[in-house]
Amino acid sequence: MTSIVALLLAALFVVMEGFYSGCETGLYSLSRARLEVEARHGGRSARILLALVRRDAWVLITMLIGTTLGLELATWVLDHQLEQWGFGPGGRQTILALGLTPFAFYFGEALPKELYRRHPHRLMGTCGPGVLASLVIFSPLVLLLRGMTHLVERISGIVGERAVDGPQRAALLSVLDEGAGSGEITPHAVELARNALSLQSIPVRRAMVPWKDVRFLDADASDDDQRRAVEVTSHTRLPVCSAGAVTGYLHQLDVLAERSAGPVLAHRRAVPHLDPELSVHRALLRLRISGGRLAVVGPPEAPLGLVTLKDLLEEISGDLGDW
Numbered sequence: 232m233t234s235i236v237a238l239l240l241a242a243l244f245v246v247m248e249g250f251y252s253g254c255e256t257g258l259y260s261l262s263r264a265r266l267e268v269e270a271r272h273g274g275r276s277a278r279i280l281l282a283l284v285r286r287d288a289w290v291l292i293t294m295l296i297g298t299t300l301g302l303e304l305a306t307w308v309l310d311h312q313l314e315q316w317g318f319g320p321g322g323r324q325t326i327l328a329l330g331l332t333p334f335a336f337y338f339g340e341a342l343p344k345e346l347y348r349r350h351p352h353r354l355m356g357t358c359g360p361g362v363l364a365s366l367v368i369f370s371p372l373v374l375l376l377r378g379m380t381h382l383v384e385r386i387s388g389i390v391g392e393r394a395v396d397g398p399q400r401a402a403l404l405s406v407l408d409e410g411a412g413s414g415e416i417t418p419h420a421v422e423l424a425r426n427a428l429s430l431q432s433i434p435v436r437r438a439m440v441p442w443k444d445v446r447f448l449d450a451d452a453s454d455d456d457q458r459r460a461v462e463v464t465s466h467t468r469l470p471v472c473s474a475g476a477v478t479g480y481l482h483q484l485d486v487l488a489e490r491s492a493g494p495v496l497a498h499r500r501a502v503p504h505l506d507p508e509l510s511v512h513r514a515l516l517r518l519r520i521s522g523g524r525l526a527v528v529g530p531p532e533a534p535l536g537l538v539t540l541k542d543l544l545e546e547i548s549g550d551l552g553d554w
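Residue numbers (the numbering used here): 232 to 554.
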């Protein structure tokens with residue numbers, strides 16, 4: 232391998248590192264609502280990105296594998312070339328630390344992360360197929376890592392979403408009180424932590440809006456009346472009801488984006504239903520898995536209330552106002 236080829240290969244592997252580290256940041260910066268609207272309009276890249284967002288754990292592991300692999304390959308190529316040039320182990324390590332480390336940090340981490348943070352939809356739209364291909368290529372390794380993680384969880388006794396039991400909770404509260412007493416933890420932080428520890432015991436019915444106070448869209452009304460109701464409402468999401476039963480919900484952006492294209496109910500989405508006695512902790516987990524922002528409490532034919540992600544988070548933080 233010539234010196235020029237070695238340097239070009241090392242640069243290529245740093246670019247590879249930058250691709251994966253940038254895509255990791257881009258994935259977090261994507262707007263799910265925007266992707267859903269674009270996917271409904273037939274956007275191929277939006278459909279790909281939406282599929283990636285829904286498998287964020289798999290994508291994250293894949294991005295970490297790609298980032299690590301790119302840096303390791305760049306290091307190996309340069310180390311091999313420095314050895315060919317006659318440098319000893321100490322000299323090679325010094326040159327790699329002073330030369331490759333800052334170069335890889337800027338071009339493989341800092342710069343791509345900032346670019347993808349500023350332009351997530353544009354860059355991820357271009358890179359989405361590459362990320363999807365990487366998921367397939369690295370899938371055996373991802374499966375192996377996930378299997379090892381589950382094995383470690385079982386051996387260590389950390390299985391699933393286990394609740395904090397009485398002794399553990401008491402110990403945590405004791406540490407919080409001690410920190411607050413010494414001034415190392417603010418009272419507000421202690422309150423947030425206490426609220427978070429209580430989520431397992433708070434039923435979702437306590438956080439819901441009673442159904443009598445919920446504004447919904449009548450599925451049996453005319454299309455013009457439905458469109459007008461969506462346009463004037465202050466809510467971005469409206470449940471849709473027919474004969475008293477909830478049949479889904481509408482996102483205001485979906486309707487406003489297509490003022491003259493098809494019936495309003497063509498944009499109806501499925502809405503999850505939660506048992507009123509389900510804990511707020513489990514309700515948050517359900518919404519996270521489904522990617523939803525609201526859920527109906529109770530059976531669809533006789534709803535008891537409506538709960539949003541904001542309602543659930545306010546059980547931790549208190550009133551969030553308008554978000």
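Bear in mind the hints are in silico, worked out from the structure with no lab data behind them. Because the structure is a prediction, the values reported are computed rather than measured. The beta-carbon is built from N, C-alpha and C at its ideal position, and this holds for glycine as well. Do not take every clue at face value.
Said to hold, decoys possible - Simulated crosslink set (SDA-like; lysine to any residue; CA at most 20 Å straight-line): (1) Lys-541 / Leu-516; (2) Lys-443 / Arg-425; (3) Lys-541 / Ile-416; (4) Lys-344 / Leu-313; (5) Lys-344 / Ser-262; (6) Lys-443 / Glu-422; (7) Lys-344 / Leu-363; (8) Lys-443 / Lys-344; (9) Lys-541 / Gln-431; (10) Lys-344 / Ser-365; (11) Lys-443 / Thr-539; (12) Lys-443 / Gln-431; (13) Lys-443 / Pro-531; (14) Lys-344 / Arg-323; (15) Lys-344 / Leu-375; (16) Lys-541 / Ser-365; (17) Lys-541 / Glu-422.
As the list claims (entries may be wrong) - Label-pair ranges, simulated between beta-carbon atoms: (18) Leu-423 / Glu-314: 35 to 43 Å; (19) His-466 / Ile-386: 45 to 53 Å; (20) Thr-299 / Gly-321: 19 to 27 Å.
Here is how each hint holds up against the structure:
1. Lys-541 / Leu-516: holds (14 Å)
2. Lys-443 / Arg-425: Not OK: Lys-443 and Arg-425 at ~31 Å, beyond 20 Å, violated.
3. Lys-541 / Ile-416: Not satisfied, since the Cα-Cα distance of roughly 25 Å exceeds 20 Å.
4. Lys-344 / Leu-313: violated (29 Å)
5. Lys-344 / Ser-262: holds (17 Å)
6. Lys-443 / Glu-422: This hinted pair is violated, its Cα atoms lying about 31 Å apart.
7. Lys-344 / Leu-363: Satisfied, since the Cα-Cα distance of roughly 19 Å is no more than 20 Å.
8. Lys-443 / Lys-344: violated (47 Å)
9. Lys-541 / Gln-431: holds (17 Å)
10. Lys-344 / Ser-365: holds (18 Å)
11. Lys-443 / Thr-539: holds (16 Å)
12. Lys-443 / Gln-431: The given pair, whose Cα atoms are some 27 Å apart, is violated under the 20 Å limit.
13. Lys-443 / Pro-531: holds (14 Å)
14. Lys-344 / Arg-323: Not OK: Lys-344 and Arg-323 at ~28 Å, beyond 20 Å, violated.
15. Lys-344 / Leu-375: violated (27 Å)
16. Lys-541 / Ser-365: violated (35 Å)
17. Lys-541 / Glu-422: holds (18 Å)
18. Leu-423 / Glu-314: 35 to 43 Å: violated (54 Å)
19. His-466 / Ile-386: 45 to 53 Å: With a Cβ separation near 47 Å, His-466 and Ile-386 satisfy 45 to 53 Å, so the hint holds.
20. Thr-299 / Gly-321: 19 to 27 Å: Since Thr-299 and Gly-321 have Cβ atoms about 25 Å apart, the given range 19 to 27 Å holds.
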